[in-house]
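Which chain is which? The protein sequence lines are A and B, in order.
For the first sequence, position 20 (counting from the first letter as 1) is numbered 20 according to my numbering, and the numbering increases by one without interruption.
Count along the second sequence from 1, add 1000, and you get the number used in my numbering.
No wet-lab data here; the hints were simulated from the structure.
Remember, it's a predicted structure, so these values are computed and weren't measured experimentally.
The beta carbon of each residue, even a glycine, is placed where N, CA and C say it ideally should be.
Hints are supplied without guarantee of correctness; some may be wrong.
With a cut-off of at most 25 angstroms between alpha-carbon atoms, the simulated SDA-like pairs for lysine to any residue come out as follows [as the list claims (entries may be wrong)]:
1. Lys-1109/B x Leu-1046/B
2. Lys-71/A x Lys-14/A
3. Lys-57/A x Gln-1031/B
4. Lys-1109/B x Lys-14/A
5. Lys-14/A x Lys-70/A
6. Lys-1042/B x Asp-30/A
What follows is a set of in silico ranges between Cβ atoms, one per label pair, in the way DEER data are often shown [to be verified]:
7. Gln-17/A x Asp-1007/B: 18 to 26 angstroms
8. Tyr-1039/B x Glu-62/A: 27 to 35 angstroms
9. Lys-70/A x Pro-1010/B: 37 to 45 angstroms
10. Glu-62/A x Gln-1080/B: 37 to 45 angstroms
11. Ser-1026/B x Gly-40/A: 15 to 23 angstroms
Some chain B residues close to chain A (C-beta under 10 angstroms, calculated; not the full set) [as the list claims (entries may be wrong)]:
12. Pro-1008
13. Tyr-1032
14. Lys-1042
15. Ser-1092
16. Leu-1102
17. Lys-1106
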Amino acid sequence: DGGITQSPKYLFRKEGQNVTLSCEQNLNHDAMYWYRQDPGQGLRLIYYSQIVNDFQKGDIAEGYSVSREKKESFPLTVTSAQKNPTAFYLCASSIGDRGRTDTGELFFGEGSRLTVL
Amino acid sequence: QKEVEQDPGPLSVPEGAIVSLNCTYSNSAFQYFMWYRQYSRKGPELLMYTYSSGNKEDGRFTAQVDKSSKYISLFIRDSQPSDSATYLCAMSGHYGGSQGNLIFGKGTKLSVKP
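So that you can see chain A by itself, here it is in the shape it has in the complex:
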């Protein structure tokens, strides 16, 4: 079955530690995204990537880093510089702009819940 796999589902981190959240998709999508979801805040865009080896900052990129070495993979590192990292993190993908077939629909993973102790 095609889809997006995020791991781990739950993660605990001590203050000062970096953690990396995994996101893999087998939908053959060009574009991938990371969102953060906090209660009462909705979804906020952290980083997105339209193509391999390229990515752009979203609205709240400070304290986060990403890489896009493969089309299928878009890992997110939450660094110790992120002041309030406890949140629900969602990875998503979309077809991308090729051939103007992309309606903008995002396909989401099941999320990773990060708690800083």
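Based on the hints, put chain B in the right spot on chain A.
Relative to chain A, chain B alone:
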């Protein structure tokens, strides 16, 4: 004023009721409007997609867009307990969301009681 406003609820209705969920927005460039449904501890999934103004119906769900009022709605007829979820509106001014410019509302939490 935020770009997209959505009442967070929570909204509680009895089974069989008609549910109306709404979002208002300020950016007149938005042309693509979506509703996502998110069950607890899961990722959102696309429920309805509408381009520009008008209505779209899919089973028990109807999406309406009124660009003149900058107002979008999602109606759920004959609501079921399985409809209990958070509903997020989302919109974009660009064809294709890969520019990272899809703007989400904060979501409305709906509970349908048997």
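Quick check on the hint: Pro-1008/B CB to chain A CB, less than 10 angstroms?
Where the cut-off is 10 angstroms and the nearest Cβ of chain A is about 6 angstroms from Pro-1008/B, the hint holds.
Outcome for the supplied range 27 to 35 angstroms, where the beta carbon pair is Tyr-1039/B and Glu-62/A:
Between Tyr-1039/B and Glu-62/A, where Cβ atoms are some 30 angstroms apart, the hint holds.
Hinted pair Lys-57/A and Gln-1031/B, Cα distance within 25 angstroms:
Within the cut-off at roughly 23 angstroms; holds.
Pair hint outcome, Lys-14/A versus Lys-70/A [Cα-Cα no greater than 25 angstroms]:
With Cα atoms ~29 angstroms apart, Lys-14/A and Lys-70/A exceed 25 angstroms; violated.
May I ask you to test the hint 18 to 26 angstroms on the CB atoms belonging to Gln-17/A and Asp-1007/B?
violated (38 angstroms)
Under 10 angstroms is the threshold here; is the Cβ of Leu-1102/B close enough to any Cβ of chain A for the hint to stand?
holds (6 angstroms)
Per-residue hint verdict: Lys-1042/B, partner chain A, C-beta under 10 angstroms:
holds (6 angstroms)
Holds or violated: Lys-1042/B and Asp-30/A, Cα atoms, limit 25 angstroms.
holds (23 angstroms)
For the pair supplied as a hint, Lys-71/A and Lys-14/A, is the alpha-carbon distance within the 25 angstroms limit?
violated (31 angstroms)
Measuring from beta carbon to beta carbon, are Ser-1026/B and Gly-40/A in 15 to 23 angstroms?
holds (20 angstroms)
For the hint 37 to 45 angstroms, verify it against the beta carbon of Lys-70/A and that of Pro-1010/B.
Check passed, 41 angstroms falls within 37 to 45 angstroms.
With chain A as the partner, please determine if Ser-1092/B meets the hint condition of a C-beta pair closer than 10 angstroms.
holds (5 angstroms)
The structure is inconsistent with the numbered hints 2, 4, 5, 7, although it conforms to all the rest.
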